[in-house]
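Asker: Going line by line, the protein sequences match chains A and B. Quick note on numbering: UniProt numbering labels position 21 of the first sequence as 21, and the sequence is numbered without any gaps. Quick note on numbering: UniProt numbering labels position 35 of the second sequence as 35, and the sequence is numbered without any gaps.
Calculated directly from the structure, the hints in this document are not laboratory data. Do not rely on the hints blindly, as some may be mistaken.
Remember, identical chains collapse to one label, so a pair may be satisfied in a single copy or spanning two.
Pairs of lysine-lysine residues, derived as BS3-like cross-links and limited to a Cα-Cα distance of at most 27 angstroms, are as follows [unchecked claim]:
#1 167 <-> 44
#2 24 <-> 185
#3 167 <-> 34
#4 185 <-> 34
#5 62 <-> 77
#6 16 <-> 185
#7 16 <-> 167
#8 77 <-> 34
#9 44 <-> 185
#10 77 <-> 44
#11 16 <-> 44
#12 77 <-> 24
#13 24 <-> 44
#14 62 <-> 34
#15 62 <-> 24
#16 24 <-> 167
#17 44 <-> 34
2 protein chains.
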Amino acid sequence: MREEIVDAALAQFHEKGFNAAAVKDITDRAGVPKGSFYNHFASKEALAIVALERYGEQRRLKDLADPAVPPVERIRKHFEFLRDEVVQFGITRGCLLGNFGTEIVDHSDPIRVAVNEGLGYWSGLLGAAIAEGQQAGEIRTDLGPDRTARYLLSAWEGTLIQARADKSQAAFEVFFALTFDSLLKP
Amino acid sequence: MREEIVDAALAQFHEKGFNAAAVKDITDRAGVPKGSFYNHFASKEALAIVALERYGEQRRLKDLADPAVPPVERIRKHFEFLRDEVVQFGITRGCLLGNFGTEIVDHSDPIRVAVNEGLGYWSGLLGAAIAEGQQAGEIRTDLGPDRTARYLLSAWEGTLIQARADKSQAAFEVFFALTFDSLLKP
């Protein structure tokens, strides 16, 4: 039952945001009685942190460290995977880290810390792939890999904002063109 | 009374987000009776669009077109102004366009259109300053000014997410370094 609540919560938070996702909607979606919620979670805030962990697990971040694929191709495929998921949902929902990162981090320190850790883990993997690409001569070497990873993450999160506002893929096209033809290009 | 409601709504939406800003909190903040709200606005959604316009008016966007300042310096000062505002509030609140752009655009088409227009107006001014900088030899010319402006906006919006999650200025330092030493550099 706990697993069903986490899955339902992840979907509900991703679709509606933190504040608009009521506990009753989450337990209804999970098909469990509302009363059972507090047997498993101390609060909606505690559930949000578990849902955020599950979100991270489902984003195939480990593919960023796959030695069978050249580093730049890995990075490109990673963002294509994330883009395709957003497109599949009609250019809605975006990234749960970015959504919580604008809606709720100022108001919940535990969620803020979880978002920050998620972004740090992600940019760490991205930075390692960039460093590998630099060693392989695929990526320019005048920018530090960790700072480049942070900038790239920022560009991605803002791209999601622009794509959702425009309900079009134009922002994705700009992201892929400038990231791979300019930011990373040797 | 209408002006006071708009000012209070802007502050409340910026601090709390759309869903967490109740009409009663807005009218309390404005010091007006809750009953007066619907004399001025059809809905919280309609008020949010007016608040978003006011937000844009207060962001000194016209400075991006000031011919007395060299283009790159104009762009740098623009983002420094936006950064300083966020720092002044303890690295909270972020950008109202980005906040509505993650929390509410999937659920209100009028707000989505207003966010998209705001981003378009902003990137238009930024793109014009970039084009001027290219003509002046201050900015690399191999990237189109409009796409560069869009990418820069994305990087900025994501930087706000990372800065708020980390409650530090580290993401701002990365933004300024990579934007001016790499993305725009000739």
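Asker: Give a verdict on every hint.
Answerer: Outcome of the hint check:
no.: 1; hint: 167 <-> 44; verdict: between (30 angstroms within a copy, 23 angstroms between copies)
no.: 2; hint: 24 <-> 185; verdict: neither (49 angstroms within a copy, 52 angstroms between copies)
no.: 3; hint: 167 <-> 34; verdict: neither (35 angstroms within a copy, 35 angstroms between copies)
no.: 4; hint: 185 <-> 34; verdict: neither (52 angstroms within a copy, 56 angstroms between copies)
no.: 5; hint: 62 <-> 77; verdict: within (12 angstroms within a copy, 39 angstroms between copies)
no.: 6; hint: 16 <-> 185; verdict: neither (37 angstroms within a copy, 40 angstroms between copies)
no.: 7; hint: 16 <-> 167; verdict: both (17 angstroms within a copy, 25 angstroms between copies)
no.: 8; hint: 77 <-> 34; verdict: neither (40 angstroms within a copy, 52 angstroms between copies)
no.: 9; hint: 44 <-> 185; verdict: neither (43 angstroms within a copy, 46 angstroms between copies)
no.: 10; hint: 77 <-> 44; verdict: neither (34 angstroms within a copy, 41 angstroms between copies)
no.: 11; hint: 16 <-> 44; verdict: both (14 angstroms within a copy, 17 angstroms between copies)
no.: 12; hint: 77 <-> 24; verdict: neither (37 angstroms within a copy, 47 angstroms between copies)
no.: 13; hint: 24 <-> 44; verdict: both (11 angstroms within a copy, 24 angstroms between copies)
no.: 14; hint: 62 <-> 34; verdict: neither (35 angstroms within a copy, 52 angstroms between copies)
no.: 15; hint: 62 <-> 24; verdict: neither (34 angstroms within a copy, 47 angstroms between copies)
no.: 16; hint: 24 <-> 167; verdict: neither (30 angstroms within a copy, 32 angstroms between copies)
no.: 17; hint: 44 <-> 34; verdict: within (12 angstroms within a copy, 29 angstroms between copies)
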